[in-house]
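Engineer: If you read the protein sequences in the order shown, they are chains A and B. If you use this note's numbering, the first sequence corresponds to residues 9 to 331, in order. If you use this note's numbering, the second sequence corresponds to residues 31 to 324, in order.
Treat the hints loosely; a few may be bogus.
[To be verified] Here are the simulated DSS-like cross-link-like pairs (lysine-lysine), alpha carbons at most 27 Å apart as the crow flies: (1) K115(B) - K308(B); (2) K217(B) - K258(A); (3) K11(A) - K217(B); (4) K312(B) - K10(A); (5) K243(A) - K217(B); (6) K56(B) - K249(B); (7) K312(B) - K322(A); (8) K247(A) - K287(B); (9) K10(A) - K300(B); (10) K10(A) - K217(B); (11) K11(A) - K308(B); (12) K300(B) - K258(A); (13) K208(A) - K217(B); (14) K205(B) - K264(B).
[Claimed, not checked] Each pair of labels, with its calculated beta carbon distance range: (15) G55(A) - Q112(B): 37 to 45 Å; (16) E268(B) - G310(A): 45 to 53 Å; (17) G230(A) - K115(B): 29 to 37 Å; (18) K272(B) - R217(A): 56 to 64 Å; (19) D83(A) - N37(B): 23 to 31 Å.
No lab work stands behind these hints: they were computed from the structure. The model shown is predicted, which means the values in this text are computed figures rather than measured ones. Built from N, CA and C at the ideal position, the CB exists for glycine as well.
Below are the chains, spelled out letter by letter.
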Amino acid sequence: MKKRGKGIAATFYGTGYGNGFPDVSKAVAEVDHDGNVNIYVCATEVGQGAKTIIIQMVAEILGLGMNDIHLISEDTSQTLDTGTAAASRQTYNTGNAVKKAVEVLKSKLLEKAKEHLKLPSLLGLEVKDKVIYLKTFPKKRVCFKDLIEEKISVEETFTAQTVQMDEETGQGAPYWPYTFSCYGVEVEVDTETGIIEVIKGVCAQDVGRAINPELIEGQIDGGFSMGLGYGIMEKLNCKDGEIKNNKFSKYLIPTALDMPELEKIIVEDPESSAPFGAKGIGEPVILPAAPAILNAIYDAIGVRFYEIPVTPDKVLSEINREI
Amino acid sequence: MINKCINPKTVEEALDILESNGKDVKLIAGGTDLVIDLRNNKIDKNILMNISKLKELRFITIDENEITIGSGTKFIEIIENQHIKEKIVGLWKACKSVGSPQIRNMGTIGGNICNGSMAADSVPPLLALDATALIIGKNKTRSVPLRELYLDKGKVDIADDEILYAIKFHRLREKESISFEKLGLRKALAIARISCSIYINLENNSIKDIKIATGALGKYPQRENHIEKRLVNKKVDEIILKDIAEEMSKHVSKRLKGRSSRSFKSIAIKGIFAEAYKSAIKGANDESHKSHNK
Ligand SMILES: Cc1cc2nc3c(=O)[nH]c(=O)nc-3n(C[C@H](O)[C@H](O)[C@H](O)COP(=O)(O)OP(=O)(O)OC[C@H]3O[C@@H](n4cnc5c(N)ncnc54)[C@H](O)[C@@H]3O)c2cc1C
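Please model the entire structure based on the sequences and the hints provided.
Structural biologist: Here's what the structure looks like:
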C-alpha cells in the first residue's frame, strides 16, 4: 500500500566560521590607467555563484555592466586571502570586503572627478558605464580613462563578528548573522517495498536580500537534493573511521529523476551588517530537507526514525515490527 | 592484462579469430560492464576483441511468429522499437530501466545477458518469454534455452570460441502479455535489488500459461516454477494473490538464507511480485480488449 504523509522542518544556521575563530576576507578594487575595473579576491567558485554575485555587487556600486568588470579570483599569486568557500560565508564576508573596497574606490574616483571638472562639491555626481557626470548637467562629464593617469588601488578587509563560546556553560554569541529556513514536504511510502518517494517540496528560505534570485533557486534545488540524499539514501557505513561504502554504485545520491517538484519561497529581510543585506545560503538550503522528510514519513506510517538514512530495509523492518 | 585490441570487420572474421585464439580473447561490446572489470584487473585474458562495430549483430527482426534481437543491439534501439514498446511491454520496461541514457546508448542486450549478473534487467523478461539464445562459432551454431544458459554467478554456457549471436522469442498474441517490475533504490542508475517479470496467457479468464522470472534473488536470474505451478489452469477470480505472494516470500527467504539482504528481500518481493502479477493480468485483458475492438 502507498501511504502519504506531510512534514515540515524549520532550521537556523550561523554564517561563517563562528565560535571566535578569525573570519577575515580581503579584497582589492582598482581602476587602471586604461579605465579597466579590476577586482582581486580569492572566492573559490564551486558552482555556487560566488563570482557572479561579487561581480553583480561591483556593477551595482560603480554603475557598470557585468562584462565591464574584470574579476581575478582563485589565483593566490595575485590575490589576498578571502578565506575558504565554506561556512556559507563568501556572499556575506567577501561580499562585505568587496563592497567596502569598491565604495572607497568610488569615492576616490568622485573626488578626482570633482577636481577634474572643477566642481565645488561631490553632490549630484553619478557614475555609469565608466563615466562620471553631474546629474543636473550631464555635459559635465569625464570618463575613467581620461581621469586616471596612475592606477588607483584600494585594499579593504572585512572581519566578521564572533564570540567564542564559554566551554563550561556553552553560552556565547558564536555566529553573526543567522539564516532561517523552513521546508514542507510530502512523501509517499510504499509499505510493501519500503521505498520512500518525495513527491513535493515547498522551500521557504530567508536570504536577507536576493542578489540573484535564480542562483538562489538553483541553490535550493541543489540543497534539497543533498538533503534528500542525506535523509533517505546516502549511507557511508563508517567502521572505525573508515568509509566502507566507498563506491558510487552503492553509495547512492539522488538523480534528477528522484527530485520532486519544488515550490520556492524567497524570504527577503535585509541583514543590516550584510552587503546589500544579502546572507549566504549555501548550507542553509540543505538543512531542513532531511528532518522535514522524516517528519513526513512519521505522518505517513506512524514510525519515528532517529537515524538517517531511512532506507527501504529500515522502513520495512519497522513496519513489520509494528504489526 | 590486455596488451592487444582487435577490431574485426565482420562476424566471420571475429569467429576466425576466436577459433584460433579464443582462450586468450575477451569480447567487448558496449563495455559498460567490461570496462569496470578491466579497471579492477578482473580480466585475465590478453586480447580484447571489439564486437560493437559489427552491424550483423545489431538488428531487431519481427516475423510472423518470432522476434529476434541481435546481441549487439543497444538498449536505446530496443526502447525505440514501436512493436516492443506496445506488445512486449515487460521487456521494453526492463530495457528502459537500465542505468541512464548514457548507459542505454552504449549497453547491449547481449552484454547484459552474457555478463551473467543476477541483477541484469533484460534477463527476467527474456526468461519469462522463454527466450532462446542463438550461439555461433566457426562452422557451428546452437540454440540454448535462456533458462539453461546460466551456469553459475557470472558464468554463462558460451565457450571461448563462441559468441552470443541473438536472442529469440515468440510474438505475443491476443490475451498474452508480459510485465516487469523492478525495485531499485532510486529512480535512475539503480541496480535492481529485486526484479520480477511475468508472462501470462489467459483463456476464458483462467490462466492457461504463466512464466515467472525474478532477478537479484539468487546467483542469476531464474524462473520460479513452483509458483507458476500454483497458478496455471486457475481461474483468475479464484486466485488469492496475497497467499501466493506469501509463498513467494517464503521461498525467497529460504533461497537467501545466510545473506544480509534476506529479511528485506523476502518481504519486498511480495509487493514487487503482486505488482508484476496485476500488470500482467491487466496487460492480457487489455490486449484481448484491443483486438475485440479491431
Ligand atoms: C553506471 C552503470 C549503470 C548500470 N545500470 C544497469 C541497470 O540498471 N541494469 C542492468 O541490467 N545493467 C546495468 N548496468 C550494467 C551494463 O550496462 C549492462 O549489463 C549492459 O547490458 C552490458 O552491455 P555491454 O554491451 O556494455 O557489455 P560489455 O561490458 O561490453 O560486456 C559484458 C560481458 O559480456 C560479454 N559479451 C558481450 N557481448 C557478447 C556476445 N555477443 N557474446 C558473448 N559474450 C559477450 C563480454 O565479454 C563481457 O564479459 C550498468 C552499468 C553501469 C556502468
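Engineer: Run every hint past the structure and note whether it holds.
Structural biologist: Status of the hints after comparison with the structure:
1. K115(B) - K308(B): 19 Å, holds
2. K217(B) - K258(A): 14 Å, holds
3. K11(A) - K217(B): 19 Å, holds
4. K312(B) - K10(A): 20 Å, holds
5. K243(A) - K217(B): This hinted pair holds, its Cα atoms lying about 17 Å apart.
6. K56(B) - K249(B): 22 Å, holds
7. K312(B) - K322(A): 32 Å, violated
8. K247(A) - K287(B): Given pair K247(A), K287(B) holds - Cα atoms ~25 Å apart, limit 27 Å.
9. K10(A) - K300(B): Holds, at about 14 Å.
10. K10(A) - K217(B): 17 Å, holds
11. K11(A) - K308(B): This hinted pair holds, its Cα atoms lying about 19 Å apart.
12. K300(B) - K258(A): Holds, at about 24 Å.
13. K208(A) - K217(B): Satisfied, since the Cα-Cα distance of roughly 15 Å is no more than 27 Å.
14. K205(B) - K264(B): It holds: about 15 Å lies between the C-alpha atoms, which stays within 27 Å.
15. G55(A) - Q112(B): 37 to 45 Å: Once the Cβ atoms are compared, 40 Å apart, the range 37 to 45 Å for Q112(B) and G55(A) holds.
16. E268(B) - G310(A): 45 to 53 Å: 35 Å, violated
17. G230(A) - K115(B): 29 to 37 Å: Hint holds: Cβ distance 34 Å, inside 29 to 37 Å.
18. K272(B) - R217(A): 56 to 64 Å: 58 Å, holds
19. D83(A) - N37(B): 23 to 31 Å: Violated, at about 45 Å.
Hint compliance for this structure: hints 7, 16 and 19 are not met, and every other hint is.
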